[in-house]
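Enquirer: First residue of the sequence shown? That's 846 in our numbering, and the numbers climb one at a time after it.
The set of hints was computed from the structure by calculation and includes no laboratory data. We put the beta carbon where it would ideally sit given N, CA and C, even for glycine. Incorrect hints may have been included.
As the list claims (entries may be wrong) - Derived lysine-lysine pairs resembling DSS-like cross-links, with alpha carbons at most 25 angstroms apart:
| hint | residue 1 | residue 2 |
| --- | --- | --- |
| 1 | K1165 | K1100 |
| 2 | K1100 | K903 |
| 3 | K1034 | K1046 |
| 4 | K1046 | K1032 |
| 5 | K1165 | K903 |
Said to hold, decoys possible - Simulated restraints on C-beta separations:
| hint | residue 1 | residue 2 | range |
| --- | --- | --- | --- |
| 6 | T1042 | A1072 | 46 to 54 angstroms |
| 7 | Q988 | K1032 | 47 to 55 angstroms |
| 8 | K903 | Q988 | 29 to 37 angstroms |
| 9 | K867 | V1086 | 27 to 35 angstroms |
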Amino acid sequence: MALGLLLGNLVPGLNTALEAVKVGEVSLPIAVGLLVMMYPVLAKVRYDQTRRVIGDRKLMISSLVINWLLAPAFMFVLAWVFLADLPEYRTGLIIVGLARCIAMVMIWNDLACGDRESAAVLVAINSVFQVVAFGALGWFYLQLLPSWLGLPTTSADFSFWAITLSVLIFLGIPLLAGFLTRTLGEKAKGRDWYEGTFLPKLGPWALYGLLFTITLLFALQGETIAARPLDVARIALPLLVYFVVVFGAGMVIGKWLDLGYAKTTTLAFTAAGNNFELAIAVAIGTFGVTSGQALAGVVGPLIEVPALVALVYAALWARKRFFTPATASL
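From just these sequences and the hints, can you work out the full model?
Expert: See below:
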């Protein structure tokens, strides 16, 4: 993050160069970083166990309720409580709340020893709902609900195809690559070789991709962040509250439903994580690259990265404190 901010401020024309070639509305170098980040994690998933995850009704229903009912509503409340006098940032924050996780959450879940198969299924479900529901929820939270409450409304047109393209590229490509890699690798040399020899060599590339993506994200918006530090602080506070509260709620609900540590952790991270790449792309496509809405999306990873790294440690601490050895086993 620090390196990205320095590059963005010290290297003339870097943000223009990064934006020169795009995949959808996302810079090509960032798109490459996201794909490199996602592929190793999805290659680790045991796809023959996804039926077990789909059959877990408690996990499926609780994830859908938190992700698509509670979390967006909570972000709407936070946006109006903290940014009532700043409509552009408020709108950007609401858009962030609607963009559910499909990318970095796989990394946080893996680091916290969550259930990989559950994460893959929940991310895929979030992606389907994102394509189907994003536009309708944007209309509801930006126009219909504020009008019911007597609050100012915001007009925004969301491109169905832009959202679909984002999901297909940043989840579809690495998901297909991961599935084919495991299927062909196990067929050729067996599961023991695949998981004992191949994955340890492939695994570190997920973190390389993560670090590369974060560096470029902040290089791309380094000048903007440095120029408006007070605005960044105003946007950061509700985001921090959001991550902590939603993650905590996911852990409590998972523990209450007796899902076990691995699935509880996956539920919490998939609820707390957001698809900032999509939120930034939607904000830029709808309101412009220099808009306050776009800045709100950019501040997202600035807070998400350290917050969710801290929550990885919180989850590992909770495993020892609140989960029995049987349910906490990896």
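Enquirer: All the hints need checking, so say for each whether the structure fits it.
Expert: Structure-based check of each hint:
1. K1165 to K1100: Given pair K1165, K1100 holds - Cα atoms ~13 angstroms apart, limit 25 angstroms.
2. K1100 to K903: Measuring from Cα to Cα gives roughly 11 angstroms; hence the hint holds.
3. K1034 to K1046: holds, 16 angstroms
4. K1046 to K1032: Judged against 25 angstroms, a Cα distance of about 19 angstroms means the pair holds.
5. K1165 to K903: Distance ~23 angstroms between K1165 and K903 Cα, so the pair holds.
6. T1042 to A1072: 46 to 54 angstroms: holds, 49 angstroms
7. Q988 to K1032: 47 to 55 angstroms: holds, 51 angstroms
8. K903 to Q988: 29 to 37 angstroms: Roughly 34 angstroms apart at Cβ, these two residues keep to the hinted range, so it holds.
9. K867 to V1086: 27 to 35 angstroms: Roughly 32 angstroms apart at Cβ, these two residues keep to the hinted range, so it holds.
Consistency with the previously given hints is maintained throughout, with no hint failing.
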